[in-house]
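Asks: Going down the list, the protein sequences come from chains A and B.
With our numbering, the residue at position 118 of the first sequence is 118, and numbering never jumps.
With our numbering, the residue at position 138 of the second sequence is 138, and numbering never jumps.
Keep in mind that a hint or two might mislead.
Derived list of chain B stretches under chain A, where covered just means 3 residues or more per stretch with a C-beta under 8 Å from a C-beta of chain A [said to hold, decoys possible]:
| # | region |
| --- | --- |
| 1 | 280-288 |
| 2 | 297-307 |
| 3 | 516-523 |
| 4 | 573-585 |
Hints listed in this document are in silico derivations from the structure and should not be mistaken for laboratory results.
Note that the structure is a prediction, hence the values are computed from the model and not measured.
Glycine included, C-beta positions come from ideal geometry on N, C-alpha and C.
There are 2 protein chains.
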Amino acid sequence: MKEYQPAAIQEIRLQDPFFSGRIRINNDVTLPANVRKCRETGRIDAFRLDWKPGMPNQPHIFWDSDFAKVIEGMALSLMLYPDPEREKELDEFVDLIISAQQKDGYLNTHFTVVEPENRWKNLSRAHELYCAGHLMEAAVAHYKATGKRKFVDCMARYADYIAEVFGRNPGQKRGYPGHQEIELALCKLAEVTGNRKYSDLAAYFINERGQSPNYFETVEHCEDTENLQADRPIREMQKLRGHSVRALYYLSGAADVAAESGDSSLFEACERLWNNVVERNMYITGGVGSTCVGEAFTADYNLPNDTAYAESCASIALVLFADRMLNQTGDARYADVMETALYNGAISGLSLGGDKFFYANPLENDDQMFEHGQQMRKRQPWFGCSCCPTNYCRFLPQIASFAWSVSDDCLMVNIPAACAGNVKRKNTSLQFRLSGSYPYDGAGTLEISDASGAGESTIALRIPGWCRNWTLSLNGKAVADSPQKGYVRLRREWKKGDRIEWKFDMPVRVVHANPRVSADIGRAAILRGPLVYALESVDNSAPLELIRLKKGTSFTLKPAEGLPEGTIAISGDAMIQADTDQLYFEGDLPLSPGRFTAIPSALWQNRGDSSMRIWIPEAE
Amino acid sequence: MKEYQPAAIQEIRLQDPFFSGRIRINNDVTLPANVRKCRETGRIDAFRLDWKPGMPNQPHIFWDSDFAKVIEGMALSLMLYPDPEREKELDEFVDLIISAQQKDGYLNTHFTVVEPENRWKNLSRAHELYCAGHLMEAAVAHYKATGKRKFVDCMARYADYIAEVFGRNPGQKRGYPGHQEIELALCKLAEVTGNRKYSDLAAYFINERGQSPNYFETVEHCEDTENLQADRPIREMQKLRGHSVRALYYLSGAADVAAESGDSSLFEACERLWNNVVERNMYITGGVGSTCVGEAFTADYNLPNDTAYAESCASIALVLFADRMLNQTGDARYADVMETALYNGAISGLSLGGDKFFYANPLENDDQMFEHGQQMRKRQPWFGCSCCPTNYCRFLPQIASFAWSVSDDCLMVNIPAACAGNVKRKNTSLQFRLSGSYPYDGAGTLEISDASGAGESTIALRIPGWCRNWTLSLNGKAVADSPQKGYVRLRREWKKGDRIEWKFDMPVRVVHANPRVSADIGRAAILRGPLVYALESVDNSAPLELIRLKKGTSFTLKPAEGLPEGTIAISGDAMIQADTDQLYFEGDLPLSPGRFTAIPSALWQNRGDSSMRIWIPEAE
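Bound-form chain A, shown alone:
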């Protein structure tokens, strides 16, 4: 059972300097831009099912999922920004999708019009169940945003049909998705319908995957089952390998099923694989999946910076997995990673303007790399495989729900970003305001503005993993309680005017990596609070490749130029290496003193083409 739930979208309205503006931009810019792209590329018209061979815009195997994510984003954003026109547009889209459902419940544009003869025949590569999952998530969001059941009912019929096709009974296929996603979606569907059948189907997909005889190998002659995490059952995996987005959606679904079913061996697998990721396979930004070859995890500690893939969707998926583990355990170590990914690796794929996207998020970019792999080095309006842009549509509106967790008895502040809240649960019916300039300042205040009808309850404040010194007071009196699982828990009958105040010391931190991470040897990263900083060429006069971080330097904070108001840049002493034309040479190049400026790494490449590096070589 989950101890906590993410806060509902409409319960928390962020007012912080980092995310709140971007959530609005997602509503105003990103969503319309993605709708437009879906329309232009044929992803919307595909649901009319009138495509014929020879016509342009042949519905692709993953198109349904792209449009579904945009629909989900429209619905979630509607909860923050009610808009009758947007709702009307959304309903028309939903009606169009529903109209594409077949009599038996099936709903997939590609396999209805392009290759109907191959339905369920190429699970390992054809994204059929993946598309179904995203449609289910969209339906759940639509129901929560509008209260209308039509889309959820449609998806329940689809899920009923899928439950007939797949399973261990005679006549059923013992298959599972080639791209995991439907597992977590089925758990959401179970929750809103109250029908356990759907979470049981999710459990089947999780538990059957990789069992022997191997379905993908024997039935579909798939040779690359490791990339699909289908080479062995989840409980036998010691390391998380293969396609990173698949892997982390898989674990998110597995965590949901473990919570629903109370299956401790499944939860242990989630915990073990979590540890493998965060202890050996995660960039300091929360990026994961270090190679473009198969968009995959590679080997423990193999975390190259310039060729880092670290797909936007993979970091988003890590947030989804972390959020589930956090809410099952109430343990801040999951929040620490979730926060890192949120402020760095997961958001860096989105331009500040809201209309351009990285697919890959390298931790280092040199000018000359623009020429090589250009599409990966500049944010683009769209991609042939456009999973990342559409994923942002639905990710941004959820950020506050990651920041706050709620139970009948407790309000948990995972991330103390400024916001107004209005939470109504059994014992925790509170209105409040959290102020401060997190993540740029560690001081904050939570003030209760209305507690009518509330009984005794707990407000739990996470002490960030990066924070060494902090103070906390309640109504002016210092609180000396030790954190439990990383949270200081304050319990009382809350009253209007109650004030919790805290100050997290937020010094600039110089961080090193495990020596097994070859790319980071002799280098340091600059962090402050949850933010990973980066040198960007536009702020530095010396070419980045010549800048060395002077060991022991002090740091100066200053407003960042050309970035959103409130953004803090960091300056410090550098040593600048002399340049050379030679490729290889004997002797050392001299160093001379200089300065550097760093900005929050996720905000790079918003001021024109630039080079960037997060791990900075050090010098005495």
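Got chain A; can you put chain B on it based on the hints?
Replies: Coordinates of chain B only, in the frame set by chain A:
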């Protein structure tokens, strides 16, 4: 016009501690192993042309080239090790190949039996002209080794037919190879047949490539012309990009055509692209092509170590290109690079036992990388695409011909590896012996044992680019001449007993890379003479990732354990970093004094699975 020619195979017999044993092993082990693999996989039987759909071992588009390279290797090795049984086997193979020639001259197993309807229709991807080129090279080698013309005549008929099909006349295809190689092969065919028609065809392929309208784009709808160096004409290329083996075979053919035709604009293109490679895109080992994605060059200075592709064939191709540039110019700067590639990047793909091969040659391997990309991290007996093993078959017998260049008037010692020589040219009819233990010692002697019939001629000794101090004497008298283009030239009427003695100081060198090479910042490579050294785990008690090269250390030479007699290892002071379990942490890990041992990098992974690194992080 070429100023020099590579020495003929049979003119120089190496007796050095590095290559001579391996050339013998190539004859005794590598060649038979490759013949066996060609037989097992169907590459030989393919020439029977009796394959039918549904049968196993469908002839693949590049199979002919693999067998051709083995044939070429058998012929070349026969010149060093005459063997009637080997010659008989070779002749049978040649007869089999000839029997597969079609009436019109065409000879390709795949396009004769698998898809005859597609002959010349998929030039950009189907390796048709590439296979033809390797067959031509094999035929030339067979003729030189045996004096028999049948294979050369067969290939001349094929080339005649190709010259009818391709060209700028009405009715001809204005195409060119998808994988360059035939250009240099046609120049060889022109040389042995004395028929300029073939070098003219090579010139056509070189000059037509990438012209507008683009043949691959317009006729074959190829979208990736940059990978094939067909995105623009060679004279418009500023940087060498795309598939590295294609690129360097292309330049080798272009250099041949430039020499043959005296085309200075073509030679200038070769020179410009040479500079781009060696000044910005070459590993310190002479490895080239830094990414597995497209087996390609990427961006200037993008030279990652652990993910380095540096295909064996690409380094071999670099040697072929360097050899051509050297022989056209007599300039030692080409020999410097050729020597680097020969002793390091080009030979590292071959096991000491002669029967296992690297396709990729990373400059760093960590234990955990074995799990990821296993086939690339351990030498293998064979590959599905087995270009590298078969390339070694023909490469090894040629090494002495790279080491020595000859003209009517001059003998040029490019690489002073111990050997016995017997060269007969117009004014340079000399027998001699070069002694010493190069590359492990810089002292050497060249003694003339017979000069009967020789007029006045020059012996030119290259002063290696890595050598700062050297002495040279002729018959005991110091020679003070300055090198010209890197060679000290001694001219006289040579007599039996004449002795040239030299001593190249060969200190251990600590080399750094241009700061734009991100992977090498804060690191040094250890070199001695032409050899690039590497730490290998089997020689070092500390895990390699914890070893730092102590700045300013002195070095000790000692015999390397478990490697061929004469191999020198290098020891020195290291700082050993403390270990940690944490992935990221604040503060520094302490260092304690220790030692390291390094071996010639090309010899790694011959004593069991090991980790390795060439670029070693430095510490004070």
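Asks: Looking back at the numbered hints, which does the structure fail to meet, lowest number first?
Replies: none
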